[in-house]
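A.B. asks: So the chains spell out like this:
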Amino acid sequence: MRVSVRFFTSLRELTGKREEVLEFSDAERVTVDVVLKRLAERYGKGFVEYVYDANGAVKGFLQFLVNGRSASTLRGLETELSDGDVLAIIPPVGGG
Amino acid sequence: MGNMPVVCGKCHERRAEVHISYARLSLCPECFLQFFVRRLRRVVEDFRMFGEDEVVGVAVSGGKDSAALLHGLRQAFPSLRLFAFHVNLGIDGYSEHCQAKAEALAKILSVDFHVFDFQKEVGISVGDFRRTVFRGKVCSACGTLKRHAFDELAQRVGVKVLATGHNMDDVAGFMLNNFFSGQWSQLVRLKPVLQPSMPNLTVKVKPLIKSPENENLLYCLYADIPFREVECPFARGTRTRENALLLNSLSRSNPYFRHQVLRSFLKLLPLLEKAVEKPALVPCRNCGFPSLTGVCAYCKRVALARNVSRGKT
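Protein chains in written order, with my numbering: chain A, 1 to 96; chain B, 1001 to 1313.
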């Protein structure tokens, strides 16, 4: 199965990409958490520091949209992804 | 995600990446950008904010809301004459970043960019207010400074309409807060079109009044608009933020809640306006802007900050 990940702002600079397509075996249970770990392996320190805090937890001010729906309204980092789904990593932004 | 829709509900072709929960609609980026611009245009027209032959100043802070506003207005009204106004508040490590983002956007859109720089023009910065009675709560002083500076820029350029990036969450939050605290005259000022209290000032319009904050962010991200990504160092724990948290909590079980608040208050405001006594304003003897006592709130605040920057407390 294939999952697309959308990068914006700093992550776009870090990865050098707007979008990345990740492949997983059909038997694998793919969650937001699993996708982030795969990306952390691929992009290393810069990605890890952007997404995770010093304790290894995903930073609370990042938003994750799965096909446009906030993962926080689904099952959070345990939200499962299916073939063709799009995960957007939304940067932290304060007031406007 | 299983059964969730992944195809855009509008074009039925591309992948859906934005979900509009209150409309039960999932859109691809292209259709979302069109949806956003169409709504912006409709709001301007429905509330008769300005005509396409007018000249409009846009208050651009560099943040996502005003960035989405300037870009969206350019898309919605390609022939409208626009000016971008920016206020540099002199906050170390922050104001420079904000101005760079605002200026970059204006350049992309070929919009004239005008700056009011408080350190250069007035000799103060917002940080000076920390050493005054405002202490940690500099936001209220900052709001007064910005309102004055935007009108001053509008006067310099000869603009009579000023568009601001207040989003639906801001306005609904302020409405609730003013309602609960009985600030009726402040509540009335949240109208989508606010006529000037004196003839030398601008008409203030809020074209994003029906745009939720998160959609402004998504508009900036998907339209590739430069906007500031750092938080104002003075914004922590402000009442505006507390309002946002309250609104988020109430909206969690009812995605339409903000719309309901806005719709109800927009019906109430004309009635309230008739009942609220308008203060008798006189021109400030220093700057000519409206005041209650002969010296306006802006001039009082500037004097306060100048005193501390000269070492008086």
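Calculated from the structure, these hints are not laboratory results.
Be careful, since some hints might not be right.
[Stated by the list, open to error] A partial selection of chain B residues facing chain A, derived with a Cβ cut-off under 10 angstroms: (1) Val1006; (2) His1012; (3) Ala1016; (4) His1019; (5) Ser1021; (6) Leu1027; (7) Ile1091; (8) Asp1092; (9) Phe1257.
Treat the numbers as computed from the prediction; the structure is a model and nothing was measured.
Note that the Cβ used here is the ideal one computed from N, Cα and C, for glycine as well.
A.B. asks: Min Cβ distance, Ser1021/B to chain A: is it shorter than 10 angstroms?
C.D. replies: Holds, because the Cβ-Cβ distance from Ser1021/B to chain A comes to roughly 8 angstroms (cut-off 10 angstroms).
A.B. asks: With a cut-off of 10 angstroms, does the beta carbon of His1019/B approach a beta carbon of chain A closely enough for the hint to hold?
C.D. replies: holds (3 angstroms)
A.B. asks: For the hint on Val1006/B, just tell me whether its beta-carbon gets within less than 10 angstroms of chain A.
C.D. replies: holds (5 angstroms)
A.B. asks: Against chain A, is Ala1016/B within 10 angstroms by beta-carbon distance?
C.D. replies: Holds - the Cβ of Ala1016/B comes within 10 angstroms of chain A, reaching about 5 angstroms at its closest.
A.B. asks: Quick check on the hint: Phe1257/B CB to chain A CB, less than 10 angstroms?
C.D. replies: violated (14 angstroms)
A.B. asks: Would you settle whether the hint for Asp1092/B is holds or violated, based on the nearest Cβ-Cβ distance to chain A being less than 10 angstroms?
C.D. replies: violated (17 angstroms)
A.B. asks: For the restraint on His1012/B, tell me whether the closest CB of chain A is nearer than 10 angstroms.
C.D. replies: Cβ of His1012/B sits 15 angstroms from chain A, so the hint is violated.
A.B. asks: Interface hint check: Ile1091/B, Cβ to nearest Cβ on chain A, cutoff 10 angstroms. Holds or violated?
C.D. replies: violated (13 angstroms)
A.B. asks: Once the shortest beta carbon distance from Leu1027/B to chain A is found, is it less than 10 angstroms?
C.D. replies: holds (7 angstroms)
Consistency with the previously given hints fails for numbers 2, 7, 8, 9, ordered from lowest to highest.
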